[in-house]
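> Here's the letter readout for the chains.
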Amino acid sequence: MILRSLWLRPTLAQPTRALITVLGVAIGVASVVSTLLASRAAIASMSADVQSVAGESRLEISRPGGFETSDLEALRPICTEALLAPVIERTALSPDLGDLVRILGVDLLIDQELRSIRLDATGNELEAARNSMLHASGVAVSESLSKDLGIGVGEEFELVIRSRKVTLQIAAVFKPERFDSAWDRFILADVALAQELYGFEGRVDRVEIKPRLELNLQQLASRVEGLLPPTYQVQPASARRDEGERLVRALEFNLTALAGVSILVGIVLVATTLATSVVQRQNQIALLRSLGASRSQIARAILVEAGAIGLVGGSLGVALGWIGADSAVSSVRATVATIAEGVTPGIIRLKWEWALTGISLGFFASIFAALLPLREALRTPPIQGLRSQHPQSIAGRPWKMRAALFALLVGAAAFFASLPPLADRPIWALVSALFLLSTLLVLAGPLIDICAGIRPRFMGAGAAISIRLAQAALEASRTRAAWAASAVGVSVALAVSMTTMVGSFRQSVVDWTAQAMPSDLYVRPLTTVGGASAGTIDPALTEVAIDTFGADFVDPFHQSSAHYKGNLILLGGAAFTVVAQHGGVPFLDGRPSREVFAEAAERSAAVVNEPFARRYKVKAGDTLSIDTPAGFIEREIAGVYRDYSGHIGRVVIALEDYLKAYPNEGPKSIAIFLPPDQDLESSRANFMQALAGAYSVEVLNNRELRAEVLRIFEGTFAVTIALQIISSLVAAIAVIAVLSALIRERRRELAVVRVLGASRTQLFNLVLSEAFLLGLAGTLGGLFIGLIVGYVLVTVVNLQSFGWSLDFVIPGSIFMILMIVIPACLLAGLAPAFMALRTAPRESLHANG
Amino acid sequence: MQTVKWILLCALALGSTPQEWQRVMPGMTSSFPKDHGAHPAYRIEWWYITGQLESTAGRRFGFQFTVFRRGLGDTPNPKSGSKLRASQVLAGHLAITDIDNQRTLFAERLRRMGSPLATASEQDLNLHLEDWSLSRNENGRIALRAADAKTGLRLQLELEPRKPLVLHGDAGYSSKGADPGNASAYHSWTRLGSTGEMGINDQNFAVKGEAWFDHEYGSSVLEEGVSGWDWFGLHLEDGRDLMLFRLRRKDGSRAPASAGSLIAADGSVTNLDAQDFIINSRETWVSPATGARYPAAWSLEIPTAGLSLDIQPLVPDCELATTQSTGVAYWEGPVAISGSAQGRGYAELTGYAGSMEGRF
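These protein sequence lines are chains A and B, in that order. For the first sequence, numbering that gives the first Met the number 0 begins at 0 and goes up steadily by one. For the second sequence, numbering that gives the first Met the number 0 begins at 0 and goes up steadily by one.
Calculated directly from the structure, the hints in this document are not laboratory data. Because the structure is a prediction, the values reported are computed rather than measured. Positions of the beta carbon are idealized from the N, C-alpha and C atoms, including for glycine. It is possible that part of the hints are untrue.
Said to hold, decoys possible - Simulated DEER-style distance windows between Cβ atoms: (1) A:Leu355 x B:Thr289: 51 to 57 Å; (2) A:Arg117 x B:Pro179: 42 to 48 Å; (3) B:Pro179 x A:Asn123: 28 to 34 Å.
Said to hold, decoys possible - Cross-link-like lysine-lysine pairs, in silico, BS3-like; alpha carbons within 27 Å at most: (4) B:Lys82 x A:Lys209; (5) A:Lys209 x B:Lys78; (6) B:Lys82 x A:Lys164; (7) B:Lys82 x A:Lys659; (8) A:Lys618 x A:Lys564; (9) B:Lys149 x A:Lys164.
As the list claims (entries may be wrong) - Residues on chain B that point at chain A, a partial pick, calculated with CB under 10 Å: (10) Pro77; (11) Asn100; (12) Arg102; (13) Thr118; (14) Thr150; (15) Arg161; (16) Thr283; (17) Ala320.
Start from the sequences, fold in the hints, and give me the full structure.
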């Protein structure tokens, strides 16, 4: 009965409000679920790839720069116990698909002992396929890739590998026995062909080890390590998966934290709805108490309402999240591609545990949101205790107590912001942001008071009356109004903080590209439609560039992996003398780039990026010992440069030293500085002519390059723009919900106002003014707290997540938020205003006795 | 539908007629030690060692160790490219027959040449196939080392030739058909003293005995219509050694190019042609693994040498179904000799589990 009177009946009577609240929870859950599904799909895909591709191999030997096949001789003794299989696994760009495919180069003569791949061919077809794969350019492609390419056995297709177009022939089509989807974009080639395609003769990416019988893998690994130079690593195939998974999970954390913001908005919305509902049904609660309903029965009714909102919202959110995960995939994929080349997020699969997690998230968020309204409901006395039916029955806190609570929350925020990252993740900094946001709950009441106290002397008498009446109404229903203002405030704060973070980041990137990318022309491999890079550039192209412009004007940037203190890092090789002449990346200490690179060139020193310096706590003047295929390279750090192109630690040494340690697989990019007096466009045209169509590369001028960097940047942060919109939407929903409740509750008062002679316009203005004041209070609070949260995000969260120091910038666009939110609140007030107009005064007075 | 295994099986089938591979022709000459080494201009080559050994405790074993070299494409000189282009491969078979326990265990290896895991010197006998090796040292002895953890087999022998090298046929030119190019270069150390160690799983044996070494190469060995061969390498107790191969047509009849060599105790060689010997099988053995029906005992008559021999396998099941390397199934096992002379040796029976035509 209690449930029916307190929850079911009002819900049925006001389905729109219930729907809006449920939608608020659903949006929050959907954001989290879609982000999680996308990143988990990436992890699952990567895991299945590694597991499937590894087949029955149990250990892998690898090292940065590749395994030299001549070193296999040292491993002969191991062959008694184990099968050794050389493997090349790389990505290539398919112009037909506009996407990356993966080439798995294996020793076809022995690979049947490792992987089960079924070829769809028999008899003479097999013989022809064998000849083609072992002696020519034949490859086997997965059935799904054959379908995607729209070609079959015997037909040729093109790939771009090392910036050159190569033509391969489909010798056979295969259907993997397990992990079907993992092989979707795989091309199986003989290891020799793969070596030729990638210019990797004499090396392979790894040597897989399959024990011939049950062995202690640790002992086997130790034996293998003992036979090889110390630069090799022997580890289980799963280690590669684990490394990739670690990187994706770090990314997942950051994305989920962002998505989690919308859950906060949902919580505020649920709390607002419930609080409003509690106040609105205060009489019923009091009556029920008089009729003998216990506190626990009342509490159960409130919690059931919250739980129902959470369950329905959570379920809807899971469904929306599943649908929305596909769009999240592209965002995850672009980022994943930068950390684990060739990993594709794969198919979004909604597992029941994720659905359950989403629904639970909605449920518990709603229950959490119900705690404060619940407290208020339980404080409601029996009907005899209600001295008046004035809506102002939820007591406001005294100012002193509010000030103390505010100080406590801010202190906690400051404390958590000062803590170091937890497991390399900015968990405490995010907790700090939560404390800051929660101050809005404390601030909202005083803000309402302030807004209610403003006397608009500049207005005309008519407008001023409406404002004054609205102020009086807000003061009268201060607590509910505070809830609405809090909801608006949190939404605005989130929008402001994210805008501040993105704006600061964007400005830093703009400044950085202006300094770090001074080259006139920039050559890079073709990218996928999604912007993922496909490998390196043929080293011969560097020669063409040098022939065209001269060695002093060409800076090819090479990069490979290396180890520092046992951790995987990136090691780059750049033409220091060229950069020293023309300038390059900006340095943290403000020293001119030319000066640092000149010093690095002269003293054979290295430069490191900021994420490296922060992670390993090194600075200019320190000496590094980098583990490379050619042994340890000792380098003094000449400077720490700003680097927003990735969050993996990078050390850059002189190109000539780099090429002594690594095979010349070609640069990742080539920066070209035009000699004086050379025209940009004619130089580019001449260069393109010199390339004679032999290469598939992009040659960008400086303006195009910067635009491209910003395009990628905008794409990466598209999710935050979506969250800004969601935040504003929820702010509007909060205002609609609260104002509707207030209007419904105050129908009698409004009727009295009408009867006393107020015009319909005045009544309309009165309700709109309430909306305006609510919006203003929430926006002011949100702006203030949002800027502080933004500061924490920029200076603490970013630094701890990515190792990037950014300049804190207050972007002009936050004022746009204000320009949007306040009108949005006014718009949100339109519906209640019309509702007020629709209500006939006589009916209202009659209905309310 | 096939697994990638087809690559391997196809790879070791000859298939098409060789185009640029050199052929062994009459009048060929040999030069040693160089011709103990590999001949990559020819498509097929093998080094074959078989023998019977006895442990210090009197336990008897047979062993076979073979390394095959095989050219895969139509040419020994493939277009330039990666060294790993699989133009030639080495395959290896190691089999130990535990005579007392009536069982044969075998292991196999396969690797493309160009990888350090499969090398064959062209200057002398020096082969490496993963952890297996066969090499001739400065004093003319041959070192054999092979082991396989999966089957638990270990074999480490030093082999010392007790007779001069035998060049079969016409100075090493061993005709295998009417076409002069259907031939192999074939030479053997027919009797080698063998000492060393052998292991099966956790059991180790110090062993000694006698072995037989064959080295043969060519590009088109079997002529059309020949489905396999029966080969015998026999040590007679009177000091003579006998090599016979009976080329078998599809209908079971003997091909005219069947031949042999009788090596006297002093090393002098008498060539035998198809008319010089009569060999008939008396029994058969059916492989439970492949269903192939192999001859299991033979009567051998060589009237010109006064030999009338009974040849009896010491273990019936000596079939090697080599799915991971050459892709053929054949029988290779120790035999006992009785009749006009006593002795022991090895027999090899091919083409009973699928024709060898087109493979060699």
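> Quick check on the hint: threonine 150 (chain B) CB to chain A CB, less than 10 Å?
Hint on threonine 150 (chain B): holds, closest Cβ of chain A at ~9 Å, below 10 Å.
> Next item in the hint list is arginine 102 (chain B). Is there a CB on chain A closer than 10 Å to its CB?
violated, 19 Å
> Is the straight-line distance between the alpha-carbon of lysine 82 (chain B) and that of lysine 164 (chain A) 27 Å or less?
holds, 23 Å
> Within a Cα-Cα threshold of 27 Å, do lysine 618 (chain A) and lysine 564 (chain A) meet the stated pairing?
Holds: lysine 618 (chain A) and lysine 564 (chain A) sit about 16 Å apart, inside 27 Å.
> Taking the closest Cβ pair, is alanine 320 (chain B) under 10 Å from chain A?
violated, 15 Å
> Take the shortest C-beta to C-beta distance between threonine 118 (chain B) and chain A; is it under 10 Å?
Holds, because the Cβ-Cβ distance from threonine 118 (chain B) to chain A comes to roughly 8 Å (cut-off 10 Å).
> Mind checking the alpha carbons of lysine 149 (chain B) and lysine 164 (chain A) for me, to see if they're no more than 27 Å apart?
violated, 45 Å
> A closest beta-carbon separation below 10 Å is what the hint needs, so does asparagine 100 (chain B) meet it against chain A?
Violated. Min distance 21 Å.
> For the hint 42 to 48 Å, verify it against the beta carbon of arginine 117 (chain A) and that of proline 179 (chain B).
Holds, since arginine 117 (chain A) and proline 179 (chain B) (Cβ atoms, about 44 Å apart) stay within the stated range.
> Between lysine 82 (chain B) and lysine 209 (chain A), does the CA-CA distance stay at or below 27 Å?
With Cα atoms ~24 Å apart, lysine 82 (chain B) and lysine 209 (chain A) stay inside 27 Å; holds.
> Do the Cβ positions of proline 179 (chain B) and asparagine 123 (chain A) conform to the proposed distance bound of 28 to 34 Å?
Since the Cβ atoms of proline 179 (chain B) and asparagine 123 (chain A) sit about 30 Å apart, the hinted range of 28 to 34 Å holds.
> Indicate whether the distance between the beta carbons of leucine 355 (chain A) and threonine 289 (chain B) respects the range 51 to 57 Å.
Because 54 Å falls inside the window, the suggested range holds.
Hints 5, 9, 11, 12, 15, 16 and 17, counting from the list given before, are not met by this structure.
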